[in-house]
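Chemist: Could you build all of it, start to finish, from the sequences and the hints given here?
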Amino acid sequence: MKTLADLKKIREKAQEEMKLRGSSVRVKIVVGMGTSGIAMGAREVMKTFLEEISNRNLTDVLVTQTGEKGLSSMEPVVDVIEDGKPKVTYGNMNPDKVKKVVVEHIVNGRIVSDYVVATGN
Amino acid sequence: MIKGEGMTLEICKKYAPNKDNLIQILHEIQDTHPQHYISPEAVDTVAEYLHVPANHIYGVLTFYTMYSTTPRGKNIIRLCESPPCYIKGSENILRKLKIILGVQTGETSRDGQFTLELCACLGVCGNAPVMMINDDVYGDLTEEKVEEIIEKIRRER
Amino acid sequence: MSLKRIDLLICCGSGCVSAGAMKIKERFHEVLQEKNLANEINIIETGCMGPCDYGPVMVIYPEGIFYKKVTEDDVEEIVNEHFIKGRPVTRLMLHNDEEQTFSTKKEVPFYQKQVKVALANCGFIDPDSIDEYIATSGYEALGTVLTTMTPQDVIHVIRKSGLRGRGGGGFPTHIKWQMVHDNVADEKYVICNGDEGDPGAFMDRSLLEGDPHRILEGMMIAAYAIGATAGFFYIRAEYPLAIKRIRHAIAQAKEMGLMGDNVFGSKFCFDAEVRTGAGAFVCGEETALIHSIEGGRGNPSPKPPYPALQGLWGKPTIVNNVETFGNIPTIFLKGADWFASMGTETSKGTKVFALTGDIRNTGLVEVPMGITLRELIFDVGGGMTGGHKFKAVQLGGPSGGCLTVEHLDVHVDYESLKERGAMMGSGGVIVMNDKNCMVNIAKFFMDFCVDESCGKCSPCRIGLKQMLDILEKITNGNGKEGDIEELQRLGEAISKLSLCGLGQSAPNPVLSTIRYFREEYEAHIRDKSCGTKVCLDLMHFDIDKDRCIGCSLCARKCPVTCITGSREEKYTIHQLDCVKCGNCQDVCPVKAVNRIPGMHPEVLAKHTAEANLTSHHDD
Numbered sequence: 005m006k007t008l009a010d011l012k013k014i015r016e017k018a019q020e021e022m023k024l025r026g027s028s029v030r031v032k033i034v035v036g037m038g039t040s041g042i043a044m045g046a047r048e049v050m051k052t053f054l055e056e057i058s059n060r061n062l063t064d065v066l067v068t069q070t071g072e073k074g075l076s077s078m079e080p081v082v083d084v085i086e087d088g089k090p091k092v093t094y095g096n097m098n099p100d101k102v103k104k105v106v107v108e109h110i111v112n113g114r115i116v117s118d119y120v121v122a123t124g125n
Numbered sequence: 162m163i164k165g166e167g168m169t170l171e172i173c174k175k176y177a178p179n180k181d182n183l184i185q186i187l188h189e190i191q192d193t194h195p196q197h198y199i200s201p202e203a204v205d206t207v208a209e210y211l212h213v214p215a216n217h218i219y220g221v222l223t224f225y226t227m228y229s230t231t232p233r234g235k236n237i238i239r240l241c242e243s244p245p246c247y248i249k250g251s252e253n254i255l256r257k258l259k260i261i262l263g264v265q266t267g268e269t270s271r272d273g274q275f276t277l278e279l280c281a282c283l284g285v286c287g288n289a290p291v292m293m294i295n296d297d298v299y300g301d302l303t304e305e306k307v308e309e310i311i312e313k314i315r316r317e318r
Numbered sequence: 019m020s021l022k023r024i025d026l027l028i029c030c031g032s033g034c035v036s037a038g039a040m041k042i043k044e045r046f047h048e049v050l051q052e053k054n055l056a057n058e059i060n061i062i063e064t065g066c067m068g069p070c071d072y073g074p075v076m077v078i079y080p081e082g083i084f085y086k087k088v089t090e091d092d093v094e095e096i097v098n099e100h101f102i103k104g105r106p107v108t109r110l111m112l113h114n115d116e117e118q119t120f121s122t123k124k125e126v127p128f129y130q131k132q133v134k135v136a137l138a139n140c141g142f143i144d145p146d147s148i149d150e151y152i153a154t155s156g157y158e159a160l161g162t163v164l165t166t167m168t169p170q171d172v173i174h175v176i177r178k179s180g181l182r183g184r185g186g187g188g189f190p191t192h193i194k195w196q197m198v199h200d201n202v203a204d205e206k207y208v209i210c211n212g213d214e215g216d217p218g219a220f221m222d223r224s225l226l227e228g229d230p231h232r233i234l235e236g237m238m239i240a241a242y243a244i245g246a247t248a249g250f251f252y253i254r255a256e257y258p259l260a261i262k263r264i265r266h267a268i269a270q271a272k273e274m275g276l277m278g279d280n281v282f283g284s285k286f287c288f289d290a291e292v293r294t295g296a297g298a299f300v301c302g303e304e305t306a307l308i309h310s311i312e313g314g315r316g317n318p319s320p321k322p323p324y325p326a327l328q329g330l331w332g333k334p335t336i337v338n339n340v341e342t343f344g345n346i347p348t349i350f351l352k353g354a355d356w357f358a359s360m361g362t363e364t365s366k367g368t369k370v371f372a373l374t375g376d377i378r379n380t381g382l383v384e385v386p387m388g389i390t391l392r393e394l395i396f397d398v399g400g401g402m403t404g405g406h407k408f409k410a411v412q413l414g415g416p417s418g419g420c421l422t423v424e425h426l427d428v429h430v431d432y433e434s435l436k437e438r439g440a441m442m443g444s445g446g447v448i449v450m451n452d453k454n455c456m457v458n459i460a461k462f463f464m465d466f467c468v469d470e471s472c473g474k475c476s477p478c479r480i481g482l483k484q485m486l487d488i489l490e491k492i493t494n495g496n497g498k499e500g501d502i503e504e505l506q507r508l509g510e511a512i513s514k515l516s517l518c519g520l521g522q523s524a525p526n527p528v529l530s531t532i533r534y535f536r537e538e539y540e541a542h543i544r545d546k547s548c549g550t551k552v553c554l555d556l557m558h559f560d561i562d563k564d565r566c567i568g569c570s571l572c573a574r575k576c577p578v579t580c581i582t583g584s585r586e587e588k589y590t591i592h593q594l595d596c597v598k599c600g601n602c603q604d605v606c607p608v609k610a611v612n613r614i615p616g617m618h619p620e621v622l623a624k625h626t627a628e629a630n631l632t633s634h635h636d637d
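Protein chains in written order, with our numbering: chain A, 5 to 125; chain B, 162 to 318; chain C, 19 to 637.
Heads up, some of the hints might be wrong.
[Stated by the list, open to error] Result set (DSSO-like, lysine-lysine): computed pairs, CA atoms no more than 27 Å apart in a straight line:
id	chain 1	residue 1	chain 2	residue 2
1	C	K53	A	K51
2	C	K624	C	K498
3	A	K13	C	K272
[Stated by the list, open to error] Here are some chain C residues pointing at chain B (derived, C-beta under 8 Å):
id	residue
4	S32
5	G73
6	F120
7	D216
8	Y257
9	G314
10	G316
11	G375
12	G381
13	L382
14	F462
15	F463
16	V468
17	E470
Treat the hints as calculated values from the structure; they're not laboratory data. Quick reminder that beta carbons are idealized off the backbone N, C-alpha and C, glycines included.
Modeler: Next comes the structure, spelled out in structure tokens:
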């Protein structure tokens, strides 16, 4: 390392590794991981989100989890929360639907209305 | 020759023969000696290696509380006697340790396993009372906890 | 490919480790392995998070959930409930008396009035990872300084920030630096003083353990400013983890080229190494510390010459405290004005305090200078434990003094504390409730200083011992009129005449307790009574006959068989034989044994008779 630019490079890479602890998150994806969610395949859904986001190198997207939301009939349920926009809730998710949500909604900002079960709070 | 004595010169050689390495060398000799002390023979070896008079080394040895010139136990217990620990009942812990080990402060248990020492603040005051056994710190001590810890070390030997 | 979705930060400061944090970490690894989750969850060992009393503690991101007093048995539940099902375990969260739950670290009241500068990364990053330090803008200050500023510019920034030494004295940092900068020499040294010996202080340990690169960066900026090419960390041998972490940090910095020759392509070359103490409180004094690094006894030498002129191996040297270095990178990143905007007129920035004693939230806190003692003890510290009343607070360890209820609204800054007989010191705050005897506490600190006096100068070596003897007489019932004045006279003389800071400040605890708790000293001397029933010679045990059920348990447990009686007559303690072991009180099933202040009349009569006898002999 010889310059501040070198340091900056290392910093950016290291910050990416620490993003779970940071606040520079544009989109937060919350997977409902209650018992019924898991029974309906929420773990696979979560895993696919993690893989897709990692593959596309999306550094400002965070995948996290929450408990039962009460929408048992629509599990697995996923919330997509963006700063300054109403929350979008997708239901009956599976790995294929996840891939589409990532491409359409997360990357291109177009909500996949077919899968939406609720919006707002 | 007691096991460990022959190590002295080897340990010295890890450091440049400068006087300022004295404290570090003495630490390492004491830590590697099974009886955790610095023998007169070791002092001579170090004096020769560093080209300092033996009396300087004795001066250093007796100045710092962590060095011992007499043989000690396999495990060195250092109970913190500072005010925060005192406020939280370190005196009871000391009493308990004396009973369990059958020793007074500064003595070594008959089986040669433990030496009980007091020391100034260990700097873990948030979890007072505290003791250190060798390099491990044990906090939030109670009389029961002390018993368990000593038992565990006894079993592991 | 990273599938990580959770950062599990386990506090591995010495406090939490002493409470079992390492075992918990191992258990997490096992359970995550079993459940096949190891690649989704990062386990990170951090430095001290602060609230040691809650230890072992952990924070789980992204939510920032805070768990306290976690045991090995809780690990499986955390994994099953929180990590798999996303239901944080409420049971392990912090609750207050009003049944309120604080689920995330941000909500925990302990952190609310705190402003973290030196401690910013402690408990947030992995101290063994230079990358994580760099992610928090680490080494950017050094890079900027080396590539855009002259040494004199650096000293100007420090002057503007108003930073003063955090080790105790509060000497303005820039003046020290300027002196060494101006002294021309072929070699200069920078030393980090990590010989934190004050009972009740552990901020330096926590900083070295929790964010070693920050201290290293601070040291390198100082080295550049004064023109030093070599540095030493002097760390007490009681801190093995701190020693290990700082050694590791030095190795990492060298490997990455952040230390060594021509750092950031500049002309600056620097190397640092660690030297350890071997158990001597006086080595915290800068001249003593220098002698210790040189391989000798840690005896202080007279000043002048100051180390700034003739320090290590006779070369100009700065000795700065760990926390002082810890503030420096941030001053350059955020600006001197930002730093100076916190605090009071003369004391700028923040200060780290170690809260200990009878206080609810023991641990490490960082607050702006000028906060009141009340805020520090009751808001940040959560008030007293067990519903007891606040009696006194000891600031500055064995060099400092005790303050009382009437001082709770005093602002914590160098001058305000000094005016009232206490001092900032390194930042140890020992809080005491109404069960503590102030004479006994003063005796305790004096005992510490007598033990730790290096013996070089006679006021300290002989004078402190005299003070201790008088205090011992007072607490064992042999105090006499004039003792208080004698203590004050001795104390003032020792303060003036001692060679180094140890002796100069050692009388402070006695002088300040006499100033604020004189009536306790008087009660010990005149009434032979310790109101708090701590001094065993000045209290006695008594059995309440109305409560006693005559079970004989006390009589059987008495080691000197001084309790007799029967079921009908109840039991009585023969006071002249009692050794005050307290067993009777511990075993009594109906709490009939009480501690009563003052000597028992029988004992007092005997004591007085004996005292008269010896005084006749003296005549």
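Chemist: For a C-alpha distance cap of 27 Å, please report whether C/K53 and A/K51 respect it.
Modeler: Answer holds: C/K53 to A/K51 is near 15 Å, not above 27 Å.
Chemist: Was the hint right that C/S32 lines chain B, CB cutoff 8 Å?
Modeler: At about 5 Å, which falls below the 8 Å cut-off, the nearest Cβ of chain B leaves the hint on C/S32 intact, so it holds.
Chemist: Classify the hint on C/G73 as holds or violated, based on whether any CB of chain B lies nearer than 8 Å to its CB.
Modeler: Since the shortest Cβ distance to chain B is 6 Å, the answer is holds.
Chemist: Hold the hint about C/E470 up to the distance rule: shortest CB distance to chain B must be less than 8 Å.
Modeler: It holds, given that the least Cβ distance between C/E470 and chain B is near 6 Å, below 8 Å.
Chemist: Does C/F120 pass the interface check with chain B, least Cβ-Cβ distance below 8 Å?
Modeler: Not OK, violated: C/F120 not within 8 Å of chain B, min 19 Å.
Chemist: Measuring from the C-beta of C/Y257 to each C-beta in chain B, is the shortest one below 8 Å?
Modeler: At about 7 Å, which falls below the 8 Å cut-off, the nearest Cβ of chain B leaves the hint on C/Y257 intact, so it holds.
Chemist: Taking the closest Cβ pair, is C/G381 under 8 Å from chain B?
Modeler: Status holds, d = 5 Å.
Chemist: Under the criterion of a CB-CB separation shorter than 8 Å, is C/L382 in contact with chain B as hinted?
Modeler: 7 Å, holds
Chemist: Hey, does the C/V468 contact hint survive, CB to chain B under 8 Å?
Modeler: 12 Å, violated
Chemist: Under 8 Å is the threshold here; is the Cβ of C/D216 close enough to any Cβ of chain B for the hint to stand?
Modeler: 7 Å, holds
Chemist: Classify the hint on C/G316 as holds or violated, based on whether any CB of chain B lies nearer than 8 Å to its CB.
Modeler: The hint holds - C/G316 has a Cβ within 8 Å of chain B, the shortest such distance being about 6 Å.
Chemist: Would the hint on C/G375 stand, with a C-beta cut-off of 8 Å toward chain B?
Modeler: 5 Å, holds
Hints 6 and 16 from the earlier list are contradicted by this structure; the remaining hints agree with it.
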